[in-house]
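*Asks:* Protein chains in written order, with my numbering: chain A, 731 to 1020; chain B, 731 to 1020; chain C, 232 to 568; chain D, 131 to 593; chain E, 3 to 423.
If you're looking for bench data, these hints aren't it; they were derived computationally from the structure.
Keep in mind that this is a model prediction, so the values were computed, not measured.
Hints should not be assumed to be uniformly reliable.
List of simulated lysine-lysine pairs, BS3-like, C-alpha gap at most 27 Å [unchecked claim]:
1) C:LYS257 x C:LYS512
2) A:LYS867 x A:LYS899
3) C:LYS550 x E:LYS104
4) B:LYS839 x E:LYS9
5) D:LYS397 x B:LYS785
6) C:LYS257 x C:LYS285
7) C:LYS328 x C:LYS484
8) E:LYS104 x C:LYS257
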Amino acid sequence: MNSNSGYNRLFDPMAETGQPLDFAQHGLGQRTVGNPFSEKAKMSVRNLNVYYDDKQAIHDVSLDINRNEVMAMIGPSGCGKSTFLRCLNRMNDTIDNCKVEGEVTLDEKNIYHRKQDVVPLRARVGIVFQKPNPFPKSIYENVAYGPKIHGLVSRRAQLDEIVEDSLRKASLWDEVKDRLFSPGTDLSGGQQQRLCIARTIAVSPEVILMDEPCSALDPIATARIEELMAELSQNFTIAIVTHSMQQAARVSTRTAYFHMGRLIEVNDTRRVFTNPEHELTEAYITGRFG
Amino acid sequence: MNSNSGYNRLFDPMAETGQPLDFAQHGLGQRTVGNPFSEKAKMSVRNLNVYYDDKQAIHDVSLDINRNEVMAMIGPSGCGKSTFLRCLNRMNDTIDNCKVEGEVTLDEKNIYHRKQDVVPLRARVGIVFQKPNPFPKSIYENVAYGPKIHGLVSRRAQLDEIVEDSLRKASLWDEVKDRLFSPGTDLSGGQQQRLCIARTIAVSPEVILMDEPCSALDPIATARIEELMAELSQNFTIAIVTHSMQQAARVSTRTAYFHMGRLIEVNDTRRVFTNPEHELTEAYITGRFG
Amino acid sequence: MRDYIDVVGSSTVFAFSTVVAERFGKSSVFRTPKIESTGSGGGLKLFCQGVGMKFPDIANSSRRIKASELDLCQQNGVHEVIEILIGFDGIVLAQSKLGVNVELTRRELYLALAKRVPNPDGSKTTIENPYKTWHDITPSLPKIKINVFGPPPTSGTRDAFSELVLDYGCHTFEWLAQMSQPQSAVKRDVKDKKALINKQKRLCRMLREDGAYIDAGENDNLIVQKLNANPDALGLLGFSFLDQNRDRIKSAKIDGFLPSFRSISSGDYPISRPLYMYVKKAHIGMIPGVEAFIREFVSNKASGESGYLLRKGMIPLPKSQRQAIEQRMNALRPNGH
Amino acid sequence: METPTLIIITLLCAAGAYILGRNRASDIASRNKQGTLHSLPYYYGLLSAVWCALPCLFIVLSWSLLDGYAVHAAIVNLLPENAQNLPESEIDLMVNTVINLALYPNALISSSTPDYLIQAGQDYLRWQQLSQLSLTVVVLISLVCAFSLSWIWIKPKVKARQQVERVFQWTLLLCACIAILTTIGIVLSVLFESLRFFQSISFFEFIFGTHWSPQTALRIDQVGASGAFGAVPLFVGTLLISFIAMLIAVPVGLMSAIYLSEYATPKLRAVVKPMLEILAGIPSVVYGFFAALTVAPFIRDSGGFLGLEVSSESALAAGLVMGVMIIPFVSSLSDDVLKAVPQSLRDGSLGLGATQSETIKRVVIPAALPGIISGVLLAASRAIGETMIVVMAAGLAAHLTANPLESVTTITVQIVTLLVGDQEFDSPKTLSAFALGLMLFMVTLVLNYVALYVVRQYREEYE
Amino acid sequence: MNRNLAKRKRAERRFRFYGIGAILFGFACLLILFSDIIGKGHGAFFQTQIQLQVRFNAQQLQITDPTSKTQLDNANYDAVIENALLRDNGALLDAELPALEKRHLLSLVSTGAVYSLKTVLKNAPETLNQTVSIWLTADDDVDNYVKSIGRDGQGFSGRLSLQQQKWVERWVENGQVRQTFNTTFFTEGDSREPEQAGIRSALMGSLYMLLVTIGLSFPIGISAAVYLEEYAPRNRLTDFIEVNINNLAAVPSIIFGLLGLAIFIGFFDMPRSIPLVGGLVLTLMTLPTIIISSRAAIKAVPSSIRDAAFGLGASKMQVVLHHVVPLAMPGMLTGAIIGFAQALGETAPLLMIGMVAFIVDVPADLLDPSSALPVQIFLWADSPERAFIERTSAAIMVLLAFLITMNGLAVWLRHRLGRGQ
Ligand SMILES: Nc1ncnc2c1ncn2[C@@H]1O[C@H](COP(=O)(O)OP(=O)(O)OP(=O)(O)O)[C@@H](O)[C@H]1O
Ligand SMILES: Nc1ncnc2c1ncn2[C@@H]1O[C@H](COP(=O)(O)OP(=O)(O)OP(=O)(O)O)[C@@H](O)[C@H]1O
Ligand SMILES: [Mg+2]
Ligand SMILES: [Mg+2]
Ligand SMILES: O=P([O-])([O-])[O-]
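Just chain A, with the same shape it has in the complex (with noise of 0.2 Å):
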């Protein structure tokens, strides 16, 4: 099999919305494949193990992430891609029955660090889950929740103008801004999906972590979304979970390709398209896989 004739047909940016993305336009092909390491890494991760009771979920990863990028994450369903995800701003504290192992940095400064306090970290790294979970409150009040809490606003006026620019971000405020005060939970799946995306940026968190961001949503939604990310990615730095490798190709400026709980490959997007160092990514990326 021919894995170019792949690439080609995955670097298209037609390939999946039908609509064209300029690349110059978001400024993200250049930008960070032009100097991938020339700033240091945002997180880096080294030597992470993560159980579940007894059974190893993530062996002996080691990752950076750098400064605006987009990371996207790829491997087959149930490789331990949320649960890496997840690694990176404690969230795997909240499970019971969950063990990590090695050392997360953000800044240089590990996250597991027996002081680190979570607030501020879950604050600078911000993350969308893969079953969207909005709150059983209203639209608006799943928005606000995060600034009021972190004190980013002063007035509601502030307030109202954040929420409506997030949602708007998630492309979402024209289809809920008449219905701002019912419930979150009322919301179409791909909706719900959209407002944990504005809740979570409306924090501004400088890392976001996205798992699946875009499964819900329909192409048109997930072009928004994507141009949201390329956006974002200018100022922050953002690692993304996403099954769909045209959406990984479009976005991302390095992808990193799990099996089995282990990092089997890391490179720039292009290369792990083209030509992957490893079988098992192309494998993968071929469909050949299993």
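Given chain A, put chains B, C, D and E with the ligands in place with the hints provided.
*Replies:* Then chains B, C, D and E with the ligands, alone, in the frame of chain A:
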């Protein structure tokens, strides 16, 4: 914009999965495209209106789903696809503020008839929900649940067989065969989704409604599920909501396009993607939308 | 800081003590005393905990204070305790108005209710109580099952009943009476003697535990109601409950007398017990109103032959006795410093 | 100022401290440029409020505790020499008299009242005023101190949020400790007396004996019962009655809960649920009367009709009525936890073609099981601990029988009858109440462990 | 499959029927209990009064100045009432009454009647030496008699002599007897004269106790539950604590009384019979109920909500206060409702701390001796006077009304909070 080129890409079976799908092998394209209206409709919907409180979510939709066809429903997020799907086996009954008007027939019997019993209806019309919702029971129990309540099996061995078979079909078996008795809620997102598919097909419903069944799945797993659909459609009828047009193109015989609660267009899939009748449809599939 | 009188003790006396307290509170400058119903034993125990405002001023009792209790008082510095006999309470054996009239003697009651009774064959031995119906005991009595509702052993009423009826009935058997005489235990040491007497008493006073006597709790109203529902049963009650429920229940004649104010007061009716009040002398003059309260209690208005306590069912003391007490109270002056 | 006023002032000050602290923190933040403050301003406000309120409330409370002793001592000093040498208890009385005289001079002072008492009364009033005045001063000073301290305290580096969270967590811990201390208190309050009991009565006799008749003579002239301390009939009785009660309460309660949470309209639920809850609030005396006067005769008569020998004090009557009383424990608690099961789980089951009852039985109830078990245990606990109904309806006779038509008695009833009225802490009679309490505690402890284990085994945790 | 289906449908119908049956059963019990209580107790809300022509004879009253308070306080109203009664019955009586009959006649009017005379005279001093027609409260025996006449034609003569019955019947015929609403029952404290007895002091006592109990046990209970569920590590020790708290619920309430006696009265030296101690004891008693139900409610909050909040950088305290507690609040309130209902009706522990007492004065604060509603019920149920039977039931009705009001508030709250979800 040349919608034809879009169509070509869409209809390339390699487009997303990178895996060659042999039309002939699955008897997909030929059979249904060959005689799309030769049999009587399995389900037909007439003048359906659905309201959440005062908000109308579905406007006057009429649609037939034919025997042994795979009907795809596409449309932007929040347009009412899930709502529509839930009407087909009266799952909307469980939402307090939801009101349904109009007629939906299954084998020419109105399922909204006062005397219609929803239990056999739902056994005949199975559903896979958008958000995976495994029971907080073991994986085995999750799948065995349906056959048990319907008394489909008399012996344990039979049940084991059904469970294994369903999990295999949903291509989850290999991942969970060693831990059939650990909780289904401990699975990864994609695994949960496949578990829910396995659970639904375990009772062999005549009609299967699938609400974005592959949203959390990687391309390989997606391909497997698509194969499964192809296989199932030989004996059963399938309605699938998807936001991936490639998927719709690959698996469905006919496609319905929804927009803001209205059915804009329904037609032969090839037709919808190559030569849509309505400009909204065209706008959507070419990504020009909104 | 306490500006009211604190009274504890017998639930029987409670019914009378509260009446006096209420009137006292309304007609004097003092606050209405607080009266707790703890039972005689519980009350005396609290009473004897010590002198001081934390401890009760007065203890009511439906029996006389025991030597052991006085000891406790002494130990805790309660040196002077004034005992006042305030009246009597009658105990009646009641039955539903629908029931067959019964006339009983104490001997018959003893035979009906004691756990072990003299062997009917005349030998000087005792056997488990074999009697099922009243008729089994005395042929003239009706042929109804022996069924007596009564208070539990914690109650003073029950104490009085065993002493006045069972003991008495038991002692109508010559040989049993003799056995309980201390002489029969000559030349044994004191402890043995005590044990023997105790054994005797237990022999006489132990109640059947086979269901003929039914513990019905401390609530006399409940017994009244239960009698109402069971026309064949008898029940042990305080006299005042009979007085208030004459439309429902009637009393059995005991030893030929029906209970009434007169028969009880005169001592003709055999089952009645004295009611006492114990006062801490040290508290008189210290807690406002203690002396005045006692005075009100023993006054003619309250405990006299036509006093208001009579209407509440307390059987008054004979006039002479009451006046003697009143005089003693008058002599009482606060032990001022 | 009066103590309540002081408390209110303190709380107001705390509120003020909150505002000032918060503003000061924001000031510092804006001066030092955003981001240097460790926590959000309002945490600094909260911290100031806490530091302001806690010490002052502590002062007020301890003052009012110690105030009594101080005034007491002061009054004693005012009394003449000979009175001061009286025993402690009489001085107490004397002080009481002084206070009474001071407070009700018109009613209590007569010509015979000694002058020094009246004088002491006046002085007492002055002392009282003085004490209150100094308290006011102290509190106000400490308020000012706390205020200025917390003002200085507010620095960007102070981890206000962590400190507030720590205060919060410690408060929670303290509350949890109260429950734990209560347990310890209960155990201690029965343990020692029980040990004394087991010195006179053998443990095995108590545990395995089948005859219960504890009302032994407390006094030399009193004659009680035979004095047997075999607790088996009590355990059997307790089990029997509780079992009958649970037989009523669990099915009725659970089915009502299920109906309310799964079938009923929200309106019906809003009406019915509180109505059923009233059942738990009807005083047990009322149930007792009802059981003894209505249910028991009814059962006896209908039993007689069927040719059964029914005691007029049957365990059945008490158990039935008790069952009614504890229905809400099961129904309300279960209803809440059933309601909390996510709808998606029900959807999952209904979508497979399960009937509603199958969904409930196989998905909803298992998911809510821990909560339901809690409710059932609570109901069982209440049944075991209930006294009044049994006293009135089943009586006090300890029969060893499993026949619900006979009369039995329960542990708690015996405890109450043994503890109320005459007691003697050196006779096994009273001590046996404690031994019973201890045994009850142990048995229910084991039951609870079993329940915990069962819940752990079958727990289905939803997301 | 079809037969199977029919079977399942039947099972479904049966199940639903059980549900309805269970609720109906609960309702029937409630109805029976209520009708029993109301049937017995409604009479207590009415009080028989007798109309008499009272002449405020200054000489008999032994006063000179009707505006002087001391004179009014010490006046001899009994003599005036006696006079009025005698004159009222003058027609019946030919000769001078013997002493016994005079006493009988006097006893037809409540001993509390003197206070109404005092009020009348105080409000209208000009009536001195004039004759006024006044409705006086009848004695409880008369009250019983008059009330029972209505039902079966023949009254419950109980303790009234034939002569007394005749007098009362004559009053009834003359229209000198009426039934009015019994305000005394709500405005007065306990009394041994049924017609003067009220539940005010017991009600206040219960209210104070409940204030203490609610104020302490609810916050402490939910705090403890939150700590145990959200903060405490999971290990043997916390298991042990959990089991022990569950176990506390089964401890007989009287043991809590013992504990309270030992701690609050013995150790902290608080006085007996005060609402503060009662409230504290009831707090200890209701804590387990609240903790257990709160824990169940907290457990039922889905963990995805916690995840969402934690993921936004909410601190543990914020997660608890903003999400967990509000979502669990309906369940917590349920526990509270049941716990307080139980506390409100509990007698046994109060027995130990001296609240089973005759207390007339209405308590003014938490430190004043007082009784409580269930205690009042307990005492009245044990009183010989017949009229207390209906008052017992009436007191139960008041207790239930209190309970229902309190529950109503909590239910309303629960409803409000439950709707947010
Ligand atoms: N329970 C509800 N109450 C009120 N409105 C609802 C409810 N569920 C859905 N809606 C609204 O109805 C509309 C249709 O929702 P539906 O879930 O059918 O969308 P969908 O097409 O499935 O979208 P998606 O692709 O995002 O899942 C949306 O606007 C949604 O917000
Ligand atoms: N709470 C848990 N307890 C036990 N095992 C778990 C738990 N959560 C996840 N796992 C297991 O750990 C492995 C990795 O899961 P993870 O959720 O990270 O997968 P994933 O890569 O995100 O998959 P997907 O694409 O399907 O979401 C899977 O095998 C999963 O079954
Ligand atoms: Mg995942
Ligand atoms: Mg949807
Ligand atoms: O309360 P007693 O009178 O029975 O001791």
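*Asks:* Hinted pair, alpha-carbon criterion (27 Å max): LYS257 (chain C), LYS512 (chain C). Please report holds or violated.
*Replies:* 24 Å, holds
*Asks:* Compare the distance between the alpha carbons of LYS328 (chain C) and LYS484 (chain C) with 27 Å, and conclude whether the hinted pair is satisfied.
*Replies:* Holds - the C-alpha atoms of LYS484 (chain C) and LYS328 (chain C) are around 14 Å apart, at most 27 Å.
*Asks:* Can the restraint linking LYS867 (chain A) and LYS899 (chain A) be considered satisfied, given a maximum Cα separation of 27 Å?
*Replies:* Roughly 21 Å between the alpha carbons, so the hint for LYS867 (chain A) and LYS899 (chain A) holds.
*Asks:* With a cut-off of 27 Å on the C-alpha distance, tell me whether LYS839 (chain B) and LYS9 (chain E) pass.
*Replies:* 23 Å, holds
*Asks:* Does the structure keep LYS104 (chain E) and LYS257 (chain C) at a Cα separation of 27 Å or less?
*Replies:* 24 Å, holds
*Asks:* Does LYS285 (chain C) sit within 27 Å of LYS257 (chain C), going by the straight-line distance between their CA atoms?
*Replies:* 25 Å, holds
*Asks:* Holds or violated: LYS550 (chain C) with LYS104 (chain E), Cα cutoff 27 Å?
*Replies:* Given pair LYS550 (chain C), LYS104 (chain E) holds - Cα atoms ~21 Å apart, limit 27 Å.
*Asks:* Would you mind confirming whether the straight-line C-alpha gap from LYS397 (chain D) to LYS785 (chain B) stays at or under 27 Å?
*Replies:* 22 Å, holds
No hint from the list above goes unmet by this structure.
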